[in-house]
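Novice: Residues per chain are reported as follows:
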Amino acid sequence: MKKKLLSAILSVGVAASLVVGCGAQGTEAPAADAAAEEETDDADEEEADAEDAAEATADGQVYYLNFKPEQDEQWQALAKSYTSQTGVPVTVVTAASGTYEETLTAEIVKDEAPTLFQVNGPVGLANWSDYCYDLSDSEIYKNLTSDAFALKNEDEVAGIAYVIESYGIITNAELLEKAGYTVDDIKSFADLKKVAEDITARKAELGFAAFTSTGMDGSSDWRFKTHLANLPIYFEYKADGITDTKAIKGTYLDNYRQIFDLYINNSTCAPTELASKTGDDAENEFAEGKAVFFQNGSWEYGNLTGKGMTDDQLKMIPIYVGAGDEANQGLCTGTENFWCVNSEASEEDIQATLDFINWCVSSDEGTQAMSDMGFVIPFKNAKATANVFVAQDTAYTSAGKTPVSWNFTTMPSEEWKNGVGSALTSYAAGGAWDDVVTAFVDGWATEKALAE
Amino acid sequence: MEKAVRKYWPVFVLPTVAAFAIGFVYPFIQGLYLSFCKFNTIKKAKFVGLDNYKYALTDESFYHAFAYTLAFAVVSVVLINVIAFIIALALTAKIKGSNVYRTVFFMPNLIGGIVLGYIWKVLLDCFLSIIGQPLLALNERWGFVGLVILMCWQQIGYMMIIYIAGLQSIDTAYLEAAMIDGATKMQTLLRVKIPNVMSSITICLFLTLTNGFKLFDQNLALTGGEPAHKSEMLALNIYSTFYARSGAKWKGYGQAKAVVFCILVIVISLIQLRATKKREVQA
Numbered sequence: 001m002k003k004k005l006l007s008a009i010l011s012v013g014v015a016a017s018l019v020v021g022c023g024a025q026g027t028e029a030p031a032a033d034a035a036a037e038e039e040t041d042d043a044d045e046e047e048a049d050a051e052d053a054a055e056a057t058a059d060g061q062v063y064y065l066n067f068k069p070e071q072d073e074q075w076q077a078l079a080k081s082y083t084s085q086t087g088v089p090v091t092v093v094t095a096a097s098g099t100y101e102e103t104l105t106a107e108i109v110k111d112e113a114p115t116l117f118q119v120n121g122p123v124g125l126a127n128w129s130d131y132c133y134d135l136s137d138s139e140i141y142k143n144l145t146s147d148a149f150a151l152k153n154e155d156e157v158a159g160i161a162y163v164i165e166s167y168g169i170i171t172n173a174e175l176l177e178k179a180g181y182t183v184d185d186i187k188s189f190a191d192l193k194k195v196a197e198d199i200t201a202r203k204a205e206l207g208f209a210a211f212t213s214t215g216m217d218g219s220s221d222w223r224f225k226t227h228l229a230n231l232p233i234y235f236e237y238k239a240d241g242i243t244d245t246k247a248i249k250g251t252y253l254d255n256y257r258q259i260f261d262l263y264i265n266n267s268t269c270a271p272t273e274l275a276s277k278t279g280d281d282a283e284n285e286f287a288e289g290k291a292v293f294f295q296n297g298s299w300e301y302g303n304l305t306g307k308g309m310t311d312d313q314l315k316m317i318p319i320y321v322g323a324g325d326e327a328n329q330g331l332c333t334g335t336e337n338f339w340c341v342n343s344e345a346s347e348e349d350i351q352a353t354l355d356f357i358n359w360c361v362s363s364d365e366g367t368q369a370m371s372d373m374g375f376v377i378p379f380k381n382a383k384a385t386a387n388v389f390v391a392q393d394t395a396y397t398s399a400g401k402t403p404v405s406w407n408f409t410t411m412p413s414e415e416w417k418n419g420v421g422s423a424l425t426s427y428a429a430g431g432a433w434d435d436v437v438t439a440f441v442d443g444w445a446t447e448k449a450l451a452e
Numbered sequence: 453m454e455k456a457v458r459k460y461w462p463v464f465v466l467p468t469v470a471a472f473a474i475g476f477v478y479p480f481i482q483g484l485y486l487s488f489c490k491f492n493t494i495k496k497a498k499f500v501g502l503d504n505y506k507y508a509l510t511d512e513s514f515y516h517a518f519a520y521t522l523a524f525a526v527v528s529v530v531l532i533n534v535i536a537f538i539i540a541l542a543l544t545a546k547i548k549g550s551n552v553y554r555t556v557f558f559m560p561n562l563i564g565g566i567v568l569g570y571i572w573k574v575l576l577d578c579f580l581s582i583i584g585q586p587l588l589a590l591n592e593r594w595g596f597v598g599l600v601i602l603m604c605w606q607q608i609g610y611m612m613i614i615y616i617a618g619l620q621s622i623d624t625a626y627l628e629a630a631m632i633d634g635a636t637k638m639q640t641l642l643r644v645k646i647p648n649v650m651s652s653i654t655i656c657l658f659l660t661l662t663n664g665f666k667l668f669d670q671n672l673a674l675t676g677g678e679p680a681h682k683s684e685m686l687a688l689n690i691y692s693t694f695y696a697r698s699g700a701k702w703k704g705y706g707q708a709k710a711v712v713f714c715i716l717v718i719v720i721s722l723i724q725l726r727a728t729k730k731r732e733v734q735a
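Chains as they are written, first to last, in the working numbering: chain A, 1 to 452; chain B, 453 to 735.
Keep in mind that the hints were calculated from the coordinates and are not lab data.
Among the hints, a few may not be true.
With a Cα cut of at most 25 angstroms, we get these calculated DMTMM-like pairs of lysine to aspartate or glutamate [as the list claims (entries may be wrong)]:
1. K495(B) x E156(A)
2. K290(A) x D261(A)
3. K701(B) x E452(A)
4. K193(A) x D325(A)
5. K701(B) x E336(A)
6. K68(A) x D130(A)
7. K238(A) x E154(A)
8. K498(B) x E102(A)
9. K496(B) x D130(A)
10. K495(B) x E112(A)
11. K496(B) x E452(A)
12. K187(A) x D198(A)
13. K401(A) x D244(A)
14. K152(A) x D244(A)
15. K506(B) x E414(A)
16. K495(B) x E347(A)
If the Cβ cut is set under 10 angstroms, some of the chain A residues that face chain B in the computed set are [said to hold, decoys possible]:
17. T105
18. A106
19. I108
20. M216
21. A275
22. E344
23. G421
24. S426
25. A439
26. E452
Computed from a prediction, not measured in an experiment: that's the story for all the values here.
Built from N, CA and C at the ideal position, the CB exists for glycine as well.
Model the full assembly from the supplied sequences, consistent with the hints where possible.
Specialist: Here it is as structure tokens:
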């Protein structure tokens, strides 16, 4: 009798967990791991079934594999609203952070493949060009404010940039004032160095450091091996009048070293500790007022205000490295997010997808949603967003400053970035700068050759 | 009843065979085929012959990863089995609370590798920072030690349970006979207990050896191959071959490495199984 009772309880438990599993997945898309991903697929199928009825009126459907986990909820809401207005089923699935390539590789060979995905520039396009529908005749391409925001594959338009972002040194203006300065005092690398070193000298008295930790953990090292490394590349390209190269010379690596030194020597922690510091560490230090400067981008706005920071506190200043025309240097502004439409999808689905993305960037509701996500979109109907960093970028540009373009999309490979990252980590802990130079210059040539 | 089973056995076997064919045989053959292709997605594979194997077998990082994996497997197999066996011996002696200890030692096995990897990373980094050594991401030697500690911590409990089961199934008549004959404790252990748990040893060696070779999660989370691929084991090396560079050929290279890796693990575990099986006695 007891055994029967036990087995009854167990089976009820199993059944209940199944129900819970399916129910929860319907609203929760991010695929945290393989298992969750499979469950999501099941949920997607269910959604698709449920929407079969609606399909009678609509010809195609949209499946968007989203790259940005921080905007997942807003995309789900936007998709739902689009479906209720047009009857076209839109499924949005978000890849877990840092696993987009893997997820896309697995998803795109399925029968229900994503009709809309994204690549991160020319290097990413090399993997997916076979799957990119030519967008040259599409409405969305015509709506772009500048041709520079289209990702070209020879004559074809393979991708459309859907968001423009800026990064720089996010500054806590309130703390900076406590230290006796304002952002207007920082107009060059020399100024930045003077302010940072002064804050470090008075660290005990002020109770905060100049820079948040330059964490070299995998969750944070991209800020330096990719974003900061963009500056020496940008200035070299600019000096040589090129947009890509097979062999980088490293003309501005000393500037790269200068700024990196400044970061690690005027920080919340000892340089030897940086190898284990994470992105969250830096973000928390900044939000808790333990440091004045935090190198990051406009996408951090939501996180920082979510942690209680106010618009008045947040200012973004250009990353000065002591190169080029510093008086006219703006923020690093560009994009690495390009929408691509799956050319393997059925004609109806392609059309539905084109309609959907165009609606997102041109209709009232779509552009409003984009601005709520904190995106600046490079389209004619774009709405202003509440993101203060974006406003500051606009202010810099209208004051005649030249934005630093995003050249890291031409970096040869992830492997190159990892090599530079490893060398930087060991440099921070007392290693040789020469290793960074080797990884940067020689690594570039090797990796570019391997990518051929 | 028996007749019916004999007659209808294909019906009973079918679900398992079908699952095995769909879930293992087919993907395995497809994987084998893909190792001769360059591909980005499995639908658009282009046959390139032996090129991938040429690359895989001349890639230095692959050899380094192999040597590292081998060293790790040897060290971890010895440590895990010796310690697990000693603990099993201790917990089969009649001491108070041995059930509690068994449960406690077994528990680490219930935590996933990635989670363990991150937890141990925090712990070890903290420790290294206190003793003034370079942190894990910069420290090849401690990366290795850390992986060994992590694997021991995770697997000893599991192997211990298998050894306990083996030790408990030894017929007490043998032990009594040994005692009456005046065997010392050491003699009982070497001549009676160990020969009688050889089947457990076979299983444990097999599990630890293959686990050591296939290790991925813990490697990814604890060291991520840092510094500069020096703590990268075979599985992680294959993974980074796949994703560290873009372009179709890298997937082919990775696939070829994966096939080599698979054959390697099969061969090594077969050798081990044969070697230990010979020593098993029939009780």
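Novice: With reference to the structure, classify each hint as holding or not holding.
Specialist: These are the hints, each one checked on the structure:
no.	hint	verdict
1	K495(B) x E156(A)	holds, 23 angstroms
2	K290(A) x D261(A)	holds, 19 angstroms
3	K701(B) x E452(A)	holds, 10 angstroms
4	K193(A) x D325(A)	holds, 17 angstroms
5	K701(B) x E336(A)	holds, 24 angstroms
6	K68(A) x D130(A)	holds, 23 angstroms
7	K238(A) x E154(A)	holds, 23 angstroms
8	K498(B) x E102(A)	holds, 20 angstroms
9	K496(B) x D130(A)	holds, 9 angstroms
10	K495(B) x E112(A)	holds, 14 angstroms
11	K496(B) x E452(A)	holds, 19 angstroms
12	K187(A) x D198(A)	holds, 16 angstroms
13	K401(A) x D244(A)	holds, 23 angstroms
14	K152(A) x D244(A)	holds, 14 angstroms
15	K506(B) x E414(A)	holds, 23 angstroms
16	K495(B) x E347(A)	holds, 19 angstroms
17	T105	holds, 6 angstroms
18	A106	holds, 9 angstroms
19	I108	holds, 5 angstroms
20	M216	holds, 7 angstroms
21	A275	holds, 4 angstroms
22	E344	holds, 8 angstroms
23	G421	holds, 9 angstroms
24	S426	holds, 5 angstroms
25	A439	holds, 8 angstroms
26	E452	holds, 8 angstroms
When the structure is compared with the earlier hints, no violation turns up for any of them.
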